[in-house]
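**Student:** Residue numbers (my numbering), protein chains in the order written: chain W, 156 to 506; chain G, 156 to 506.
Just to be clear, a hint being listed does not mean it is correct.
Note: identical chains are not told apart, hence a pair may lie in one copy or across any two.
Straight-line Cα separation of at most 20 Å, EDC-like style, residue types lysine to aspartate or glutamate; simulated pairs [claimed, not checked]: (1) 463 with 452; (2) 313 with 331; (3) 274 with 210; (4) 415 with 272; (5) 274 with 467; (6) 462 with 419; (7) 462 with 272; (8) 415 with 210; (9) 283 with 442; (10) 283 with 331; (11) 462 with 201; (12) 313 with 333; (13) 393 with 225; (14) 274 with 414; (15) 194 with 272; (16) 463 with 221; (17) 194 with 455; (18) 205 with 386; (19) 393 with 499; (20) 393 with 452; (21) 463 with 222; (22) 462 with 221; (23) 205 with 221; (24) 463 with 386; (25) 462 with 442.
I should point out that these hints are in silico values taken from the structure, not numbers from a laboratory. All figures in this text were calculated on a predicted structure; none of them were measured in a lab.
There are 2 protein chains.
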Amino acid sequence: MISSFSLLAGRGTRGKGVDNKKMKNPNRPVIAIDIGGTKIMTALFDAAGKLIGRDVFPTLAANGFEDVIERIAQNVQGLLQRNSLEPAQVGAITIAAAGGIDTGRGVVVTPSPHLPDWKEVPLAAMFKSRFGVDTYVLNDASAAALGEHRYGIGRGVKHLVLLTLGTGIGGGIIIDGELYLGAAGGAGELGHMTIEAHGPRCGCGNTGCLEMLVSGSAIERNTIEHLHNGEASTLVDKVKTGNNIVSVPDIVAAARSGDKLAQDVMARAAFYLGVGFVNIINIFNPELIVYGGGMAELGDILVGPGKKMALEIPFSLNARAVRIVQAQLGNEAGIYGAAAFGRDMHLRRTR
Amino acid sequence: MISSFSLLAGRGTRGKGVDNKKMKNPNRPVIAIDIGGTKIMTALFDAAGKLIGRDVFPTLAANGFEDVIERIAQNVQGLLQRNSLEPAQVGAITIAAAGGIDTGRGVVVTPSPHLPDWKEVPLAAMFKSRFGVDTYVLNDASAAALGEHRYGIGRGVKHLVLLTLGTGIGGGIIIDGELYLGAAGGAGELGHMTIEAHGPRCGCGNTGCLEMLVSGSAIERNTIEHLHNGEASTLVDKVKTGNNIVSVPDIVAAARSGDKLAQDVMARAAFYLGVGFVNIINIFNPELIVYGGGMAELGDILVGPGKKMALEIPFSLNARAVRIVQAQLGNEAGIYGAAAFGRDMHLRRTR
C-alpha cells in the first residue's frame with residue numbers, strides 16, 4: 156500500500172439557503188488521470204473546465220499496482236505544484252482505467268489483461284487518503300464517451316454510444332446527456348456482447364464476443380490461424396521469420412496491396428463490426444455512434460464497410476435517426492471525460 | 156380515416172408563478188390502450204393513478220387499421236361515459252402498440268406481423284383530433300417495462316430491462332427510473348439483437364436475432380425442421396396430421412415426458428435466452444431483468460437454465476448486481492405502463 160499523508164481538504168460552501176445568483180462559483184480545478192496498459196496520462200483542468208497542464212509517462216505495469224499508483228501520486232503532486240495549487244483547492248480527482256470498475260465504491264474490481272494484478276484495488280480511497288480530495292474511478296471507455304460528449308464530436312447530442320476499436324473493444328453510453336454507468340459502473344461492456352454464440356471463447360467466460368471478432372488481437376489471431384492452415388499470402392514470411400507475430404498494420408498493408416487472405420480477414424472483421432453497430436442501433440436508437448481507438452483510422456477497410464451495413468440493415472426508424480462518426484479527441488478523450496465527471500460530481504456535492 | 160369530431164380540451168392551469176404547495180393538484184384521469192395482434196385492452200385510470208375501468212375486445216386486424224381505430228375510439232367514448240367523464244377532463248391518452256413506433260411524432264412507422272397494414276399511421280394525431288386530448292404512442296414492450304417499474308415487480312428499482320417472451324421477443328429499458336426511448340422511440344428492440352451472426356435470417360433484415368432463436372415461433376419452426384429431417388419424436392404425428400403445426404405447449408409437454416428432440420429444441424432456446432441475458436447484463440449492468448410474456452411460465456425448461464447461465468458467465472461485477480425475475484402484471488403491464496407514461500407527460504406539460 157502507498158504511504159499515506161492525509162490532507163483533509165476543506166469542502167466548498169454548500170450554498171444552502173443562499174440566493175442562487177449571489178452564490179460563489181462552485182467550480183474548482185480538477186485532476187484527470189487515464190491509466191492505460193502502456194502509458195499513463197495525467198491532466199489538470201482549471202475551474203472553467205479548460206485543460207491547463209498534461210503529463211504522459213510509462214505505466215510499467217509489471218512493477219505492480221502499488222508502484223504504478225505511487226508514481227501517479229507523485230506526478231499529481233508535481234502537476235499541482237507547477238500550477239501553484241494546493242490539493243485543498245482541487246474539486247475532484249477522477250481516474251479512468253481499464254477493467255471492471257465499481258464506480259460506486261471507487262474500486263478496480265477485475266483486472267484488464269494489461270494490468271493483471273489490479274484486483275480489488277481501492278483506488279478512490281487511496282487517493283482520497285493521500286490528497287484529501289474526493290476521488291472517482293471510471294471505466295476508460297465510459298470516460299472517453301463522456302469526453303467526446305462534453306468536449307468532442309458528441310457535443311449537444313442527447314443519446315450517444317461510443318465504441319473503442321483497439322487491441323480490445325470498449326464501450327461507453329451517454330443517455331439523456333449523462334454518462335450511463337448502470338448499477339455499479341459496469342455498464343457499456345459492448346466488447347463483451349455476444350454476436351456469434353458459437354464463435355471463439357473469450358477470456359470473460361462468454362463466447363463470440365464482439366471483441367473476439369473485431370479487435371486488433373482478433374484480427375491478428377484470425378490471420379495467423381489462416382496462415383497456419385497453409386493458405387497462400389504475402390504474410391507467410393512474417394509468421395515464419397517473425398516469431399509468429401503479424402501486426403494489424405502488416406495485415407492492412409497486405410490487404411490494400413491485394414493479398415486475398417488479408418482482405419478476407421479484414422472483410423470478416425468489418426462484417427462483425429457491422430453486426431455490432433446494428434445491435435447498438437436496435438438496442439439504443441441513438442442519435443450518434445462514435446468510434447475511436449487505434450483502428451478508427453481504417454475507414455476504407457474496416458469501419459466503412461461496417462458502417463454501410465449498419466445503415467442498411469436495422470429498423471428504418473432507428474437507422475434514420477443515427478449518424479456513425481469518428482471520435483475527435485484521440486487518446487485524450489479519457490482525460491477530458493474524467494475531468495467532466497469530476498466537475499459534475501463536485502457540483503452535485505456542493506449544490 | 157376515422158370521422159373526426161373535435162373536442163378542444165381546455166389545458167390545465169400552468170401554475171406559472173404559483174407557489175408549488177398551493178398549486179391545484181395537476182393530476183388528471185388518463186386513458187390507456189394496448190393494441191395487441193388478437194386483443195385490444197382499454198383502461199381508465201383515475202387522477203391518483205388507480206385502474207378504475209377496463210375493457211377487452213378482439214383486434215380483428217384483418218378489417219384494416221381504420222376499422223380497428225374506429226372501434227377503439229368508440230370504446231373509449233363508452234368508457235368515459237360509463238364513468239361520467241368528459242374528454243376535457245382527461246389528462247392524456249396513451250396507446251401501446253407493436254411495431255416500430257415513432258413516439259416523438261406519435262406514429263406507427265413500421266407494422267408488426269400481426270398488424271400488417273399499420274404503416275405510417277398517425278395514431279396520436281387521430282386521437283388528438285377526435286378527443287382533443289394529448290395522445291402518445293409507445294412500443295408495447297416499452298410500455299410493459301414502465302408498467303412493471305411503476306406498478307409491478309420493478310418498483311423502486313433504478314435500472315431495469317424487460318424482455319417479453321412470446322410469439323416474438325420484445326424489450327423495454329428503464330434508466331434512472333425513467334423509460335428510455337432513444338432518439339425517436341425505437342430503443343429497446345432487444346429481440347432484434349444479433350446473437351448468432353450466421354444464424355437464420357430475420358424479417359427485420361438482420362440475421363441470428365434473439366427473436367429468431369428464442370421466441371415461440373422460433374421454437375416451433377426449429378421443431379418442425381428437426382421433424383422434417385426424419386428425427387424420431389413423439390411429435391411426428393402432429394406434423395403429419397396437424398397441417399405441419401406444432402405448438403409450444405405440445406413441444407413443452409413432449410420435452411417434459413422425455414422426448415429427446417423436444418428436449419434438445421428447448422435446451423437450444425434456453426441456451427440462446429441465456430446469451431440474451433448475458434448481453435443485457437454486460438451492456439446495461441442493470442439491477443433487475445424482468446421477463447414476461449406467454450413463455451415466462453416455463454421456468455423449468457426455458458427461463459431457469461437461461462438464468463443459471465446468465466448468472467455464471469458475465470463480468471462478476473455485473474452478475475453480482477443483477478436479479479432476474481418474472482413480471483408481475485401479466486397482460487395488463489402494457490396498460491399500466493401506458494397510463495404511467497400519460498400521467499408523466501401530462502405533469503410535464505402542466506408544470
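**Student:** Against each hint, give a clear statement of whether it holds in the structure.
**Tutor:** These are the hints, each one checked on the structure:
1. 463 with 452: within (16 Å within a copy, 41 Å between copies)
2. 313 with 331: Both: 5 Å inside a chain and 15 Å across chains, each within 20 Å.
3. 274 with 210: Neither. Shortest intra-copy (26 Å) and inter-copy (56 Å) distances fail the 20 Å Cα cut-off.
4. 415 with 272: neither (40 Å within a copy, 46 Å between copies)
5. 274 with 467: Classified as between: cross-chain Cα gap 19 Å, same-chain 42 Å, threshold 20 Å.
6. 462 with 419: Result: close within a single copy only, 17 Å intra versus 37 Å inter.
7. 462 with 272: Answer is neither; intra-copy 37 Å and inter-copy 31 Å both fail.
8. 415 with 210: For residue 415 and residue 210, neither the intra-copy (43 Å) nor the inter-copy (64 Å) Cα distance is at most 20 Å.
9. 283 with 442: neither (37 Å within a copy, 28 Å between copies)
10. 283 with 331: So residue 283 and residue 331 fail the 20 Å test inside a copy (30 Å) and across (27 Å) alike.
11. 462 with 201: Answer is neither; intra-copy 38 Å and inter-copy 48 Å both fail.
12. 313 with 333: Answer is both; intra-copy 8 Å and inter-copy 15 Å each pass.
13. 393 with 225: neither (40 Å within a copy, 71 Å between copies)
14. 274 with 414: neither (42 Å within a copy, 46 Å between copies)
15. 194 with 272: Within one copy only: 16 Å inside a chain, 57 Å across chains, cut-off 20 Å.
16. 463 with 221: Cα proximity of residue 463 and residue 221: none, with 46 Å in one copy and 37 Å across.
17. 194 with 455: This pair counts as neither: shortest intra-copy Cα distance 28 Å, inter-copy 50 Å.
18. 205 with 386: neither (53 Å within a copy, 69 Å between copies)
19. 393 with 499: neither (49 Å within a copy, 62 Å between copies)
20. 393 with 452: neither (23 Å within a copy, 56 Å between copies)
21. 463 with 222: Neither: 46 Å inside a copy, 40 Å across copies.
22. 462 with 221: neither (42 Å within a copy, 38 Å between copies)
23. 205 with 221: Answer is neither; intra-copy 30 Å and inter-copy 57 Å both fail.
24. 463 with 386: So residue 463 and residue 386 fail the 20 Å test inside a copy (29 Å) and across (41 Å) alike.
25. 462 with 442: Intra 14 Å, inter 32 Å, cutoff 20 Å: intra-copy only.
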